[in-house]
Amino acid sequence: MSLLSNTATLLGKELRTEFRSRELLTTTVVFILVVLILFSFAISPTAEESREFGPGLLWLAILFAASLMLQPCFLREQTNDTLSSLRLAVSDPFSIFLAKLIANTLFLLLTEILMLPLFAVFYNIPILPKLHYLLLVLFLGSLGISIAGTALSAISAQARMRELLLPLLLLPLLTPILVVSATVSVSLLDREPIVQWKGIAFLGVFDFIFLTALWLFGEYLLEE
Amino acid sequence: MAKRILLGVVAILLLIAAAYASFFVAPTERTMGVIQRIFYFHAATAWAGEMTFFVCFVANLLYIWKRQQKYDWLGVTCAEVGLACITVVLITGPIWAHPVWGIWWTWDARLTSTFVLWLLYISYLLLRSLIEEPDRRALLSALFGVFAFLDVPLVFFSIRWWRTQHPAPVVMGGSGSGLDPTMSKVFFFNVFVMHVFVAFLIVERYVLEKLRHDVDILQREVESQ
Amino acid sequence: MKNLGSVFAAYMIGWGVFFLFFLLIVKRTSDLRAELNRLKNSLPRPK
Chain X
42 MSLLSNTATL LGKELRTEFR SRELLTTTVV FILVVLILFS FAISPTAEES REFGPGLLWL
102 AILFAASLML QPCFLREQTN DTLSSLRLAV SDPFSIFLAK LIANTLFLLL TEILMLPLFA
162 VFYNIPILPK LHYLLLVLFL GSLGISIAGT ALSAISAQAR MRELLLPLLL LPLLTPILVV
222 SATVSVSLLD REPIVQWKGI AFLGVFDFIF LTALWLFGEY LLEE
Chain H
328 MAKRILLGVV AILLLIAAAY ASFFVAPTER TMGVIQRIFY FHAATAWAGE MTFFVCFVAN
388 LLYIWKRQQK YDWLGVTCAE VGLACITVVL ITGPIWAHPV WGIWWTWDAR LTSTFVLWLL
448 YISYLLLRSL IEEPDRRALL SALFGVFAFL DVPLVFFSIR WWRTQHPAPV VMGGSGSGLD
508 PTMSKVFFFN VFVMHVFVAF LIVERYVLEK LRHDVDILQR EVESQ
Chain E
239 MKNLGSVFAA YMIGWGVFFL FFLLIVKRTS DLRAELNRLK NSLPRPK
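Protein chains in written order, with the working numbering: chain X, 42 to 265; chain H, 328 to 552; chain E, 239 to 285.
Hint data in this document are derived by calculation from the structure and do not stem from the laboratory.
You can trust all of the hints, since none of them are fake.
Straight-line C-alpha distance at most 27 Å; calculated DSS-like pairs for lysine-lysine:
1) E:LYS278 x H:LYS397
2) H:LYS512 x E:LYS240
3) H:LYS330 x E:LYS265
4) E:LYS265 x E:LYS278
5) E:LYS265 x H:LYS397
6) H:LYS537 x E:LYS278
7) H:LYS397 x H:LYS330
Ranges between beta-carbon positions, derived for each pair:
8) H:PHE381 x X:ALA161: 39 to 47 Å
9) E:ARG276 x X:THR253: 43 to 51 Å
10) X:GLU64 x E:THR267: 49 to 57 Å
11) H:GLU459 x X:ARG63: 30 to 38 Å
12) X:ALA49 x H:PHE381: 38 to 46 Å
13) X:ILE78 x H:ARG547: 48 to 56 Å
14) X:THR123 x H:LYS397: 30 to 38 Å
For every residue, glycine included, the Cβ atom is placed at its ideal position computed from N, Cα and C.
Sequences and hints are given; from them, build the entire structure.
Structure, rendered in structure tokens:
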């Protein structure tokens, strides 16, 4: 049970740190907005094309934003060397990762929910009909992004050129999330919406596999 | 040393034999004609490459567990050799595809996951180049290697199940799908030969890595005097 | 035999990539061996 209580404490710390300044959230929201607008400048979609490509572009924007948003995750700990004190404070190093990935998932989700109305307006896509399923897909996708992103952020924080390295490591790895989330979102937002349960299950499997890998190997990521 | 030269000579001879078999022993394919002969080289290299990445994965796991340098050396060796294989696959594939189907590339499951595999292991090597300290480099790249390898089947199935709506040509023709018996023998001979050749490359690259380590040690010894 | 040129091109390029890779290994190995000898000779006394 100390894993849960450690995680809860650390999660509280992560959330408090972010909500004090809210800089990560605001910059991420603005970034996704800018990317979405730039996409429509580049492609200039018709109404039909918007519906077909919009969700994919949204997910692409989320991925780009996440690869930037996840940078400070472990870099923040490096500035004051708080990581070693964190490791001493907890019995299971996995709780550090768990706290961070839950926080990251929440931040991503919050950003996406804030973005959704704007996305619906700019791309002329009604999102209300299957909103609960859309939120489920957003949750599972964001969870996958956070799990992989938190792990890779721990790796890239210990290398040079980390700002460029994290997206380079993360984006190819997240191909399955991009493909499946985009496809499921497209069919959810279609004129005749379909819920692709196989896709939703696949996202769950991805999350499970990487969470397990993080659980097995997390402590080595934090080694001095 | 003599064994290594012997392996090299055997590998080259086998390569020539495999090419001969692919050109003169295997019958000409009915629909595609001569161009199909690329398949023997292309698919055999793909199999050898995948095997090499699997060995890399095992080496990564062993390093994380045992922390012995030899596993790190094996890991980077297999990553580079595997990358060479996949580069060959990604080049010979389009050369085959273009005359037959009129397209250089398609985003079907196999091609896309091969390309993502290539990207992931390029990132693996890049990661290594950006970490100075040898033990840290070994551990972090081994961890990334594990994550990357776990990702590959996920990439493959995600594309297979959600991106193959437009009927895409099956570029590798499905090696087991009712292949003529002579073709089958030639193919598996090519697979064997590519594995021997790849083993030779792995040995040579591994020796280089060990040499690099020896030089580093000696350098440190000289500097400390 | 229509596409024989393409088949040759594929084999040549394929073997070319492997050959280049092997050449790089050989070059780096000989450079390192030279470096190793240089370092051995620069040690003040034999160990």
